[in-house]
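Undergrad: Single-letter residue listing:
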Amino acid sequence: GAGVSQTPSNKVTEKGKYVELRCDPISGHTALYWYRQSLGQGPEFLIYFQGTGAADDSGLPNDRFFAVRPEGSVSTLKIQRTERGDSAVYLCASSPGAGGTTDTQYFGPGTRLTVL
Amino acid sequence: KNEVEQSPQNLTAQEGEFITINCSYSVGISALHWLQQHPGGGIVSLFMLSSGKKKHGRLIATINIQEKHSSLHITASHPRDSAVYICAVRTYGGSQGNLIFGKGTKLSVKP
Chain A
21 GAGVSQTPSN
31 KVTEKGKYVE
41 LRCDPISGHT
51 ALYWYRQSLG
61 QGPEFLIYFQ
71 GTGAADDSGL
81 PNDRFFAVRP
91 EGSVSTLKIQ
101 RTERGDSAVY
111 LCASSPGAGG
121 TTDTQYFGPG
131 TRLTVL
Chain B
20 KNEVEQSPQN
30 LTAQEGEFIT
40 INCSYSVGIS
50 ALHWLQQHPG
60 GGIVSLFMLS
70 SGKKKHGRLI
80 ATINIQEKHS
90 SLHITASHPR
100 DSAVYICAVR
110 TYGGSQGNLI
120 FGKGTKLSVK
130 P
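Taken in sequence, the protein lines are chains A and B.
Residue numbering for the first sequence follows my numbering, starting at 21 and increasing by one per position.
Residue numbering for the second sequence follows my numbering, starting at 20 and increasing by one per position.
Extracted from the complex, chain A is given alone in its bound form (with noise of 0.2 angstroms):
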């Protein structure tokens, strides 16, 4: 497909463990996002990527969190030392990355992420 892919679907895991959650973004956009989005509220912006390098990683919560993106395609956002309150879904984005009015985003499915 030519969508934004984003594996795994759904990722249980135990307080304090490692994840790592992957986004596959449309073939050539150079902007990837990173997006979470809690139940009953609006996504929250964590991370932005424009080719390799993270232009705002602003809505990291804190350094548990760390996305990387070495080849300007594939994203992995890594989680460490999970808590329960990092439950959510976790939503990938892309957009061919001008960044101007016509820069449409395109949203993956989503990671459905559950601490226990």
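Quick caveat, the hints were computed from the structure, so don't treat them as lab data.
There may be inaccurate statements among the hints.
As the list claims (entries may be wrong) - Listed next, the in silico BS3-like pairs over lysine-lysine satisfying Cα-Cα at most 30 angstroms (straight line):
1) A:31 to B:122
2) B:122 to A:98
3) B:87 to B:125
4) B:122 to B:72
5) B:129 to B:74
6) A:31 to B:125
7) B:72 to B:129
8) B:129 to B:73
9) B:74 to B:122
10) B:125 to B:73
11) A:98 to A:31
12) A:35 to B:73
Just so you know, these numbers come straight off a predicted model, no measurement behind them.
Using the hints provided, position chain B relative to the given structure of chain A.
TA: Same frame as chain A, but now just chain B:
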């Protein structure tokens, strides 16, 4: 107080009705997004606008920068329009990814 407020939180309409969802924000913005989220989580971007009005099919989005307000209108609503509609803003000077989201308006259109 949230920087992006949507109203109503929940909306039930009969098929064919004209629907309006409102978004007010308290920060300076460079762009505003309207998104549609279906049950199960999939999000689709409907509009991104910084001024005036945009139309796509039965959907119309307007923005008044001076009043810090945007509306999303759906004409001739249909049950397939049932979804959560989310308003999000890019703050002035903020990066294109750093969006502030409203909590969403849950729309249910009855046949």
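Undergrad: Decide if the proposed pair is consistent with the structure: residue 122 of chain B and residue 98 of chain A, CA atoms, cutoff 30 angstroms inclusive.
TA: Distance of about 26 angstroms is within 30 angstroms: holds.
Undergrad: Does residue 122 of chain B sit within 30 angstroms of residue 31 of chain A, going by the straight-line distance between their CA atoms?
TA: holds (24 angstroms)
Undergrad: Taken at face value, is the distance from the CA of residue 73 of chain B to the CA of residue 125 of chain B at most 30 angstroms?
TA: Distance of about 22 angstroms is within 30 angstroms: holds.
Undergrad: Are the Cα atoms of residue 31 of chain A and residue 125 of chain B separated by 30 angstroms or less?
TA: Answer holds: residue 31 of chain A to residue 125 of chain B is near 26 angstroms, not above 30 angstroms.
Undergrad: Given the proposed pairing of residue 129 of chain B with residue 73 of chain B, does the C-alpha separation stay at or below 30 angstroms?
TA: The hint holds at about 26 angstroms.
Undergrad: Going straight from one Cα to the other, do residue 122 of chain B and residue 72 of chain B come out at no more than 30 angstroms?
TA: Measuring from Cα to Cα gives roughly 23 angstroms; hence the hint holds.
Undergrad: Do the alpha carbons of residue 129 of chain B and residue 74 of chain B lie within 30 angstroms of each other, as the hint requires?
TA: Distance ~24 angstroms between residue 129 of chain B and residue 74 of chain B Cα, so the pair holds.
Undergrad: Could you grab the alpha-carbon distance between residue 98 of chain A and residue 31 of chain A and see if it respects the 30 angstroms cut-off?
TA: holds (13 angstroms)
Undergrad: Quick one, are residue 72 of chain B and residue 129 of chain B close enough, alpha carbons at most 30 angstroms?
TA: holds (28 angstroms)
Undergrad: Does residue 122 of chain B lie within 30 angstroms of residue 74 of chain B when you go C-alpha to C-alpha?
TA: Distance of about 23 angstroms is within 30 angstroms: holds.
Undergrad: Compare the distance between the alpha carbons of residue 35 of chain A and residue 73 of chain B with 30 angstroms, and conclude whether the hinted pair is satisfied.
TA: violated (46 angstroms)
Undergrad: Given the hint that residue 87 of chain B pairs with residue 125 of chain B, does the C-alpha gap stay at or below 30 angstroms?
TA: holds (22 angstroms)
Taken one by one, the earlier hints fail for this structure only at number 12.
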